[in-house]
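Participant: So the protein sequences, as listed, match chains V and P. Following numbering that gives the first Met the number 0, the numbering of the first sequence begins with 0 at its first residue and continues without gaps. Following numbering that gives the first Met the number 0, the numbering of the second sequence begins with 0 at its first residue and continues without gaps.
It cannot be assumed that every hint is accurate.
[As the list claims (entries may be wrong)] With the Cβ distance kept under 7 Å, some of the chain P side facing chain V (calculated, not the full set):
1) Gly101
2) Thr102
3) Val109
4) Val110
5) Ala117
6) Asp119
7) Thr124
8) Leu135
9) Gly137
10) Leu138
11) Ala139
12) Ala142
13) Asn143
These aren't lab readings, by the way, just hints derived from the structure by calculation. Keep in mind that this is a model prediction, so the values were computed, not measured. Note that beta-carbon positions come from the ideal geometry of N, C-alpha and C, so glycine has one too.
These are the residues of each chain, in order.
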Amino acid sequence: MAGGEAKIDALGQFKLATVLGPLGGSVNFTQANLFMVLGGLLVLALIHYGMKPRAVVPGRLQALAEMAYGFIDDMCHEQIGHEGRRFFPFVFTLFFFVLMGNLLGLLPYGFTYTSHIAVTFALAVMVIVIVTGVAIFTHGTTFFTEYFFPKGTPVALAPLVIPIEVISYLSRPVSLSIRLFANMVAGHVMFEVFATFVVMMAGAGLLGTIGAIGPMALNVALMGFELLVAFLQAYVFAILTCIYLHDAVHLH
Amino acid sequence: MTDQEGGQDGTFAARLRAARARQGLAGPRRGLAGPGIDTPGGNGPAPDAPGQDEPGRPGPDQTDPGRSIPGRGSAVEERAAKRPASQGALSGTPWGIGMRVGTELVSAMVVALAIGWALDRWLGTKPVLLAVFVLLGGLAGVANVWRAFAPRR
């Protein structure tokens with residue numbers, strides 16, 4: 000970098016490394032794990048310390064905690080219906096886990112654990128397993144016939160409809176995980192690329208230093224956009240979970 | 000309040016409106032606030048309550064960020080925005096819709112490819128089932144997209 004020959008290494012930021020010295024190294028405790036723990040603790044702290052005052056007129060932190068609760072509560076109610084309350088803890092946890100991953104990744108030295116397909120796919124598979132479990136639990140085996148071969152479909156179409164429905168059902172976790180993962184990776188790659196531009200141009204003399212303001216400004220704007228994406232993707236993840244739960248509870 | 004203060008008042012009004020929207024209270028046009036709150040100064044750029052303005056207004060409704068933070072001002076806006084349109088659950092920016100459609104198509108195809116490949120490997124019918132499942136995957140992708148954007152029953 001010193002010679003102005005900065006290389007664009009857009010994907011290096013996603014590399015995992017163990018943290019906490021030899022102790023972390025012996026159990027492969029990576030930054031991703033660290034930030035997962037951190038995110039979980041932050042949400043716990045928000046709820047715990049936010050709700051400590053139990054004031055009638057909430058302070059800022061309490062208002063935030065109440066809004067967080069109300070937001071997910073509304074979402075469950077809206078999307079799933081009356082039975083939605085049962086799934087509130089699940090959706091709440093999911094939403095804030097994803098949100099924390101997205102947001103902590105935007106901090107300097109932060110790590111976006113949601114930028115790893117392993118994480119998002121594990122989350123999505125968990126969602127789909129739970130949704131299927133709920134469907135089987137509430138409807139028994141009629142769920143399969145009802146869902147994969149809806150009433151009123153001509154029997155002649157069965158060999159076509161059933162595979163399509165099965166594929167469509169199984170593609171849910173894939174699309175769910177790819178969406179989150181791709182959004183996060185794309186955002187952070189853009190950050191890295193523009194930031195490298197700044198370094199490269201600054202290494203190219205006075206004119207370059209002046210020109211470096213461009214990508215710098217772009218990165219600032221991008222940060223705002225990424226904040227939006229961080230919220231939006233967590234929201235999308237949560238609301239799609241709700242929609243799937245709705246389908247499971249009501250069978251369409 | 001003089002006209003000069005109108006701009007300042009606008010941001011406060013916007014915040015007040017957003018706060019009331021969050022609590023599920025009425026929109027700006029009803030009740031307590033009266034006309035003073037809705038001075039023209041504060042309405043346009045206020046990012047807090049995008050969906051709250053009347054639908055005829057082209058301005059804030061058109062802006063992408065406002066429209067695409069549906070969770071921001073809580074469910075009230077959501078409801079207001081969703082009911083009349085009665086669309087699928089996810090409507091949003093053109094970019095968001097495009098991404099959604101893309102991932103639905105691709106993921107259906109990925110799953111179909113995986114199933115076809117695995118079945119071929121298992122049954123020893125090398126290319127046949129893969130070809131069949133590619134077609135089915137395309138169909139399933141279209142079905143996914145339809146399900147995502149069809150009006151809700």
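Participant: When the structure is checked against the list of hints, which entries are broken? Sort them ascending.
Facilitator: 1, 5, 6, 7 and 9
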